[in-house]
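Number of protein chains: 2
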Amino acid sequence: RGGVQEIETFCKQIIDATGDLVCAFKPQIAYFAAHGAEKQLENICAYIRLHYPDVVLILDAKRGDIGDTAKLYAREAFVRYGADAATVNPYLGTDSLEPFLATPDKGTIVLCRTSNAGSSEFQSLLSDGEPLYLRVARTAAETWRAIGECALVVGATYPAELAMVRTIIGEMPILVPGIGAQGGDIAAVVKAGRDTNSRGLIINSSRAILYADSSKSFADSARKVAIETRDEINRARNVQ
Amino acid sequence: RGGVQEIETFCKQIIDATGDLVCAFKPQIAYFAAHGAEKQLENICAYIRLHYPDVVLILDAKRGDIGDTAKLYAREAFVRYGADAATVNPYLGTDSLEPFLATPDKGTIVLCRTSNAGSSEFQSLLSDGEPLYLRVARTAAETWRAIGECALVVGATYPAELAMVRTIIGEMPILVPGIGAQGGDIAAVVKAGRDTNSRGLIINSSRAILYADSSKSFADSARKVAIETRDEINRARNVQ
Chain A
11 RGGVQEIETF
21 CKQIIDATGD
31 LVCAFKPQIA
41 YFAAHGAEKQ
51 LENICAYIRL
61 HYPDVVLILD
71 AKRGDIGDTA
81 KLYAREAFVR
91 YGADAATVNP
101 YLGTDSLEPF
111 LATPDKGTIV
121 LCRTSNAGSS
131 EFQSLLSDGE
141 PLYLRVARTA
151 AETWRAIGEC
161 ALVVGATYPA
171 ELAMVRTIIG
181 EMPILVPGIG
191 AQGGDIAAVV
201 KAGRDTNSRG
211 LIINSSRAIL
221 YADSSKSFAD
231 SARKVAIETR
241 DEINRARNVQ
Chain B
11 RGGVQEIETF
21 CKQIIDATGD
31 LVCAFKPQIA
41 YFAAHGAEKQ
51 LENICAYIRL
61 HYPDVVLILD
71 AKRGDIGDTA
81 KLYAREAFVR
91 YGADAATVNP
101 YLGTDSLEPF
111 LATPDKGTIV
121 LCRTSNAGSS
131 EFQSLLSDGE
141 PLYLRVARTA
151 AETWRAIGEC
161 ALVVGATYPA
171 ELAMVRTIIG
181 EMPILVPGIG
191 AQGGDIAAVV
201 KAGRDTNSRG
211 LIINSSRAIL
221 YADSSKSFAD
231 SARKVAIETR
241 DEINRARNVQ
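Quick mapping for you: the protein sequence lines, in order, are chains A and B. For the first sequence, the working numbering assigns the number 11 to the initial residue and increments by one for each residue that follows. For the second sequence, the working numbering assigns the number 11 to the initial residue and increments by one for each residue that follows.
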């Protein structure tokens with residue numbers, strides 16, 4: 011399996027090219043699972059923890075299961091990969107999230123309003139006048155935050171919904187995918203989603219940085235796009 | 011890693027002890043992922059396909075992601091592990107399920123009403139008088155079934171809800187976890203969930219069979235419990 015070693019080398023080069031610029035790395039486990047590259051993901055996570063200990067390591071896994079199985083998924087994320095936080099799916103309810111939330115010193119990032127075109131299909135269904143994604147946000151603020159460190163996922167492609175979530179959850183962090191390749195607008199995201207200190211957002215760009223350049227200079231190009239993205243975020247944060 | 015080889019050996023012994031009794035095997039990927047045993051899961055899936063080609067291989071993964079990532083999860087289930095079907099989570103909407111549904115000759119089993127105590131928290135929220143889990147069932151019947159082979163997950167612990175789902179989805183199959191260790195009642199499940207031919211249910215027992223006996227005779231005990239479970243299901247099917 012020569013291919014999986016190339017994945018590891020590529021990721022480490024991206025990490026070294028951007029590690030001084032970012033607040034978090036968010037490896038997507040599906041890319042490794044599809045290629046049988048779990049060992050390489052373990053190595054990448056260990057590399058991040060060793061060389062960039064101040065950068066938050068988020069495992070993007072979107073797990074959702076119950077009872078003992080949920081505990082095993084929490085173990086996968088927090089023990090096997092040593093992630094600081096993991097993404098999870100709320101459909102199965104609070105008891106399915108508890109093994110993640112109850113793990114000390116780890117973060118649980120719950121899907122709220124996802125960035126895809128079809129996310130309104132179920133997430134926007136109204137119950138007592140409240141869409142499901144806001145019910146999830148309210149449950150996070152009222153219940154999950156009291157169990158452990160909790161954040162929410164809201165896509166950059168839905169700034170109006172992002173603003174609604176922010177009004178409900180106070181100063182809780184929000185992970186925002188969907189800028190870059192998916193077309194979300196940074197200025198709109200920051201305006202809608204920042205907390206009262208102009209903080210509280212983890213704005214994620216994956217493909218626009220990873221695949222900024224397909225030549226041998228990909229790492230330099232990734233760094234350039236990461237700097238541009240960081241600067242654009244910080245400019246937006248400074249807008250009153 | 012001596013432990014992971016023991017997992018593979020244990021599972022193969024359970025498979026050989028029950029392969030002539032069952033309609034499906036449903037490995038839960040979390041148990042392998044937590045222990046770094048993906049290679050062993052690959053071997054187990056290959057073993058099932060080789061020796062029990064008429065038994066449906068369901069990968070219980072409960073994946074849910076978007077776009078290219080969803081395609082990679084479908085690849086993980088259907089190509090890497092060679093599963094005939096996989097469980098998925100509907101929270102992200104139809105577009106997130108399409109890579110699974112659109113894979114030819116493969117089954118997509120969507121979470122509808124899960125077996126855990128807290129499953130009503132979001133799944134029973136009413137929108138226009140219809141709980142979310144029935145909205146999922148209706149979408150399966152109206153949309154997903156037209157894209158590909160689709161089934162639903164409804165827990166044995168909720169027979170009244172199972173009956174409601176059956177009225178909506180006609181002859182679509184339903185995967186029913188929650189008998190055995192979780193306490194669901196087989197007679198109630200069959201009465202509530204069977205289709206008009208007294209078929210259409212995949213009733214799953216995991217821990218009650220796997221851990222029927224912790225001694226060296228575990229495989230014999232697993233077979234005994236599997237026979238009892240099968241017979242109890244068939245008796246219930248024959249009740250008018």
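There may be inaccurate statements among the hints.
It does not matter which identical chain is used: a pair holds within one copy or between any two.
Unchecked claim - Taking lysine-lysine and the DSS-like style, the derived pairs with C-alpha atoms no more than 25 Å apart in a straight line are: (1) Lys22 / Lys226; (2) Lys116 / Lys226; (3) Lys81 / Lys234; (4) Lys81 / Lys116; (5) Lys116 / Lys234; (6) Lys49 / Lys81.
If you're looking for bench data, these hints aren't it; they were derived computationally from the structure.
Which numbered hints are broken by the structure, listed smallest first?
2, 3 and 5
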